[in-house]
Every structure is written in C-alpha cells, then in structure tokens.
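Enquirer: Now for the letters of each chain:
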Amino acid sequence: MITRKSDREIDYMREAGRIVAETFAELASLIEPGITTRELDAVAEKYIRGRKARPAFKGLYGFPASICASINEEVVHGIPGLRKLKNGDIISIDIGAEINGFFGDSAATFPVGTPEDRVLELVRVTREALDAGIAQARAGNRLTDYSNAVQTFVERWGFSVVRDYVGHGIGSKMHEDPQIPNFGFPGRGPRLEPGMTLALEPMVNMGGYEVVTLADQWTVVTEDGRPSAHFEHTVLITENEPEILTRL
Amino acid sequence: MKAERIRPGQVVISRAGRDAGQCYMVLSLYGFRVAVADGVRRRIQNPKHKNVKHLRLVADPDPEWERRFGSGERITDADIRRVLWVLVEKEGCQ
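Residue numbers (this note's numbering), protein chains in the order written: chain A, 1 to 248; chain B, 1 to 94.
Pulled out of the complex, with its shape left as it was, chain B reads as follows (with noise of 0.2 Å):
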C-alpha cells in the first residue's frame, strides 16, 4: 500500500494554518516535517515548515523537477514562481 508521495520539487497546497489555500513547492523533508517556499511571501532561504500531513498534492509530479532536485541543481526563488504562476489558475491556488 502506498500513499501519494510528497517530495522535493512537488507542487502543494497547504489545507491547514493560516496560509490554507496557499501553494508551495516542496524543498526538502527532514524529520517529520516538510521545508516548502512559494518563492514570493516565503523563499528559499526562509522556507515555511509544515506538517506533511496539512499539504496535499495538487499536481501530478514533473520528472524534470524530480531530476533538478535529485541532482542537487541550484533552484531560484524566479523557478518556483515560474511554476507556481502556471497553477494559480489551473488548480485554485492562491
């Protein structure tokens, strides 16, 4: 059995917290949490920490990404809004 799978270079949408409603892009995971930005309001280098369990999926993962992040590429806060702008309309997010 396995679940839908959060990791770096995913799209997600925060279903908990003040910022519900709010797209991000996974950076990292470490412990039980997940290190993601929105490269606007949150960025790189002060990413917002969530519980894996209040972000949900909105997109179907991107192997490019996946390889970017694999391959310990530099990524831009410019990437991330790049990404996201493309889903503000299509999926609803803020």
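Here chain A stands alone, though its shape is the one from the complex (with noise of 0.2 Å):
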C-alpha cells in the first residue's frame, strides 16, 4: 500500500533528508586519495547521531554499517571498510537518517582526484538523468513516466539502467511500496498523488546492466567489472513541482 504523509509526517521528513543532505556535505570535503571508508563512515554516524537522528543502515536486516560505500565497479551496499580510495576511483556513497519515526535516504557519487573523461561523464549522466526522472514524479503522472524518463536519458548518453535494483517508496519505513524500476514503458503503474514521498534511485552502469552479489551477501558489483554510478533522493510528490527533501 502507498501511503500519502500528512503535513506533520512530512515536516518529519523534512528534518531527515536535511540531516542526511549535511551528511553528504560533511563527506564530501573528505573524500581525496587516501581516505578509508571505514573513516567516512565514523564520520557520517558521528554526524548523524550529533543530530539526535539514527543512522536508518545500520542493523537494517544485518548491514554492518552507517553508510554504504560502493567503489568503481561495486553498484551498491559496499561494507566500509579499510580499503583506501586512490586517484581516479568513484565512489558511490548511500546516507539514510531516521528521526522522529521518519526516514531520509539519499545517495551520491563522488569522483575521487581526476577520473577518465568517460567515468566523469557516467557520473553526470547518472546524476542528470535522476533529475530528468524527478521532473516526471508530478501529481497525475504515472510510475513508470519517471522510469522511462531514466532510462530514455541514459541510454542516449550508451550507458545502461541496472534492471535488478529499484527504488521504493519510503516513510516511517525505510523502504516501503510501492517499488519504482529506473526502466521501462511509460504510462504504466500507480498514478502518484500529493504526499506520496518516494526514494527515486538510478544506478548507471558503463558498460551492459548485468550485476551480482560478492560472497560477502551486501556488495553487488557489475558483472563485467566496468564503473558503475548512483543518485538518489527522497522525494516528495505535491500539486505543482516536486519536492526534493534530501537536497540543501
């Protein structure tokens, strides 16, 4: 069931995607050549519980961490650990944030040093083509406007749209329905509503959208090996233009 927040549940919300929004701006001056996930990771919980909010990942079904922390090839659900970034890496970090019974979940890539031209430019086609997906989730619309809004983007800029992983809507739940591919025909599916808030999040992979798990039951990498980005945001849906929550 979709659920439709009220004004205070959405206040709430609110308060969580900013905190998670400042979260990214705490990591993001941290992030060079060197830099272990693991020590973003402290830096991130450290953040988070200053600000009287829980980091949402943590314990979630078992996951070990604050934050994800996916590098180059891994997609998502990379476990901090001691591996240090170096000069040319990406890396994929996903933040949530719970406060008052309510959820903010938001993800960013981040180049490390100077990348190749064509890893930059996954990058910023993954995060342009979360904005062209964003501009469709309107009251009226249906789900799938916004998956084809994805997928029609990034696949003119040769990259593919990871078929596997979908977002899903989000609330006094991490992850609640309905679930929202970043592909498909448009015209499809639920037709979105004012109050619906909803973590829209496209993985982008270089090379074909194939992915699989490692043995450690979290990391999911590409199949081919080749780079892989991630955005995503809460996202509120009202009368007129969307509402992003977790951006500053």
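Errors might be hidden in some of the hints.
What the hints assert, rightly or not - Derived DSS-like pairs (lysine-lysine); straight-line CA-CA distance at most 27 Å: (1) B/53 / A/58; (2) A/84 / A/46; (3) A/58 / B/48.
Unchecked claim - Here chain B is said to cover these stretches of chain A; the calculated rule only asks that three of the stretch's residues, wherever they fall, bring their Cβ under 8 Å from a Cβ of chain B: (4) 26-37; (5) 109-118; (6) 175-184.
In short, the hints are calculated from the structure, not lab data. Just so you know, even glycine gets a beta-carbon here, dropped at the ideal spot from N, CA and C.
Please dock the two separately framed chains into a single complex, following the hints provided.
Expert: As structure tokens, this is what we get:
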C-alpha cells in the first residue's frame, strides 16, 4: 500500500532529509585519495548521531555500517572497510537517517581526484538522469513515466540502467511500497498523488546492466567489472513541482 | 568471489518466516529487500517483501525470464503461476 503523508509527517521527513544532505556536505570535503571508507562511515555516523538522529542502515536487515560505500565497479551496498580511495576512483555513498520515526535516504557518486573523462561522464549522466526522472515525478503522472524518463536519458549516452535493483517508497519505514524501476515503458503503474514520498535512485553502469552479489552477501558489483554510478533523492510529490527532501 | 545471484525472474524458496518452504518468483530488489510473488496468495500488485538472506534459489536462471524482466515486458500473475506449477513436484515447492 502506498501511503500519503500528513503535513506533520512531511515535516519530520524534511528534517530527516536535511540531516542526510548535511551529512553529505560533511563527507564531500573528506573524499580524497588515501582516506578509507571506514573513516567516512565513522564521520557520517558521528554527524548523524550528533543531530539526534539514527543512521538508518546500521543493523537494517543485518547491514554492519552506517553508510554504504561502493567504489568503481561496486554498484550498491558496499561495506565500509580499510580500502583506501585512490586517484581516479569513483565512490558511491548511500546514507539514510531516521528521526522522530521517519526516514530520509539519499545517495551520490563522487569522483576521487581526476578519473577518466568517460567515468566523469557516467557520473554526470547518472545525476542528470535522476533530475530528468524527478521532473516526471509529479501528481497525475504514472510511476513509470519517471522510469522511462531515466532510461531514455541514460541510454541516449550509451550507458545502461541496472534492472535488478529499483527505488522504493519511504516514510515511517525505510523501504515502503511501491517498487520504482528505473527503466520500462511509460504510462504504467500507480498514479502519483500529492503526499507520496519516494526514494528515486537510478544506478547506471558504463557497460552492461547485469550485476552480481559478492560472497559477503551485500556488495553488488557489475558483472563485467566496469564502473557504476548511483544517485538518489527522497522526493515528495506535491500539487506542483516535486520537492526534493534530501537537498540543502 | 561471487555468491549465488538472486535477480528478477528467478524462482526462490522461502527459508525463514511463516511461509518457509513456499516458492515465489522474484519481482525486484530494492534496498536490502526482495519483492516476491506466487501469483496466488501474493500477487504482483501485492508482493511479499523478504530479506534476501531468507531466500534460496531453487532453479537455474531461465534466460527467457531474465530477458522479459530486463526489457520491462508486462508479467502477469498467470505467468508466475505457470512457472511455479512446474516446479511444485520437481523442486518440492509448496
């Protein structure tokens, strides 16, 4: 069931979203060659807890850290560890926070140093694909109008959209209905209504769209080993323009 | 090192929860969860949400089904029932 949030619930989600966005701002300045993903995780957890919120991923279905940190060919759910970032890497960071029982969820991919031009293009296209999708996330549209906008944008640049993993509703639970594919035909799925809150998250691969899970049971990587980028925002459907709750 | 891969279009068996032993088709993965349906009690419009660790693959991936999910083709509950019905005897699905 897709829930529509009340004004008070939306205020809580705005607060959770703001904390997530501020956490990204904290991390952005630290991302440089030599830092480990575990250090980034510690900074994020400290910041979120300092804002009297809770890192939403920690312990969620057994996930061991506060952020997901996925480097290069890792698509999502990378576990922070002792791996150091190198010049030319890209790192996708996914952060969730909960406050007053409501959640915010966002992800972004950062270049480390100076990656190759095509890799930077992958990052830019993924970010812009999310923007193109969000522009379709308006009351009256169907869910897959978003999906189609993302896929069309991404494939125009010669990249591919991950099929296996999709976005999700969000609110008083981290993962709510509906599931939101980032590909497919337009004009299908439920009609969007004001008050719905959605975590829209295209994952875009430089090569093929196939992904596999590593033996740690969490880290999802591209099957062909080529890089992948991931952007996500928590978005509120309104009568007018969609409101991005996880952007400062 | 690659683990077994659970992906849309595959048939899985629940190994934890009240539905342990029940077979489903995977519809999508989101966050850390998996949306599954059996076409009867759990339909596409009302899928069951499972932790990926509480599922086990029961059949080899069918390229045709992977293609159908990958291309965004419409899948119906009847399609799912047809796939699962074949596996009831072969794989011991409930």
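Enquirer: Can you confirm whether chain B covers the stretch 26-37 of chain A, using C-beta to C-beta distances below 8 Å and requiring at least three such residues?
Expert: Result for this restraint: violated, n = 0.
Enquirer: Taken at face value, is the distance from the CA of residue 48 of chain B to the CA of residue 58 of chain A at most 27 Å?
Expert: 23 Å, holds
Enquirer: Using C-beta distances, would you say chain B covers the stretch 109-118 of chain A, given that this needs three or more residues below 8 Å?
Expert: Result for this restraint: violated, n = 0.
Enquirer: For residue 53 of chain B and residue 58 of chain A, compute the direct alpha-carbon distance and say whether it is at most 27 Å.
Expert: 17 Å, holds
Enquirer: Within a Cα-Cα threshold of 27 Å, do residue 84 of chain A and residue 46 of chain A meet the stated pairing?
Expert: 20 Å, holds
Enquirer: The stretch 175-184 of chain A covered by chain B? Criterion: 3 or more residues, Cβ-Cβ distance below 8 Å.
Expert: Result for this restraint: holds, n = 6.
Checked against the numbered hints listed earlier, the structure breaks hints 4 and 5; every other hint is satisfied.
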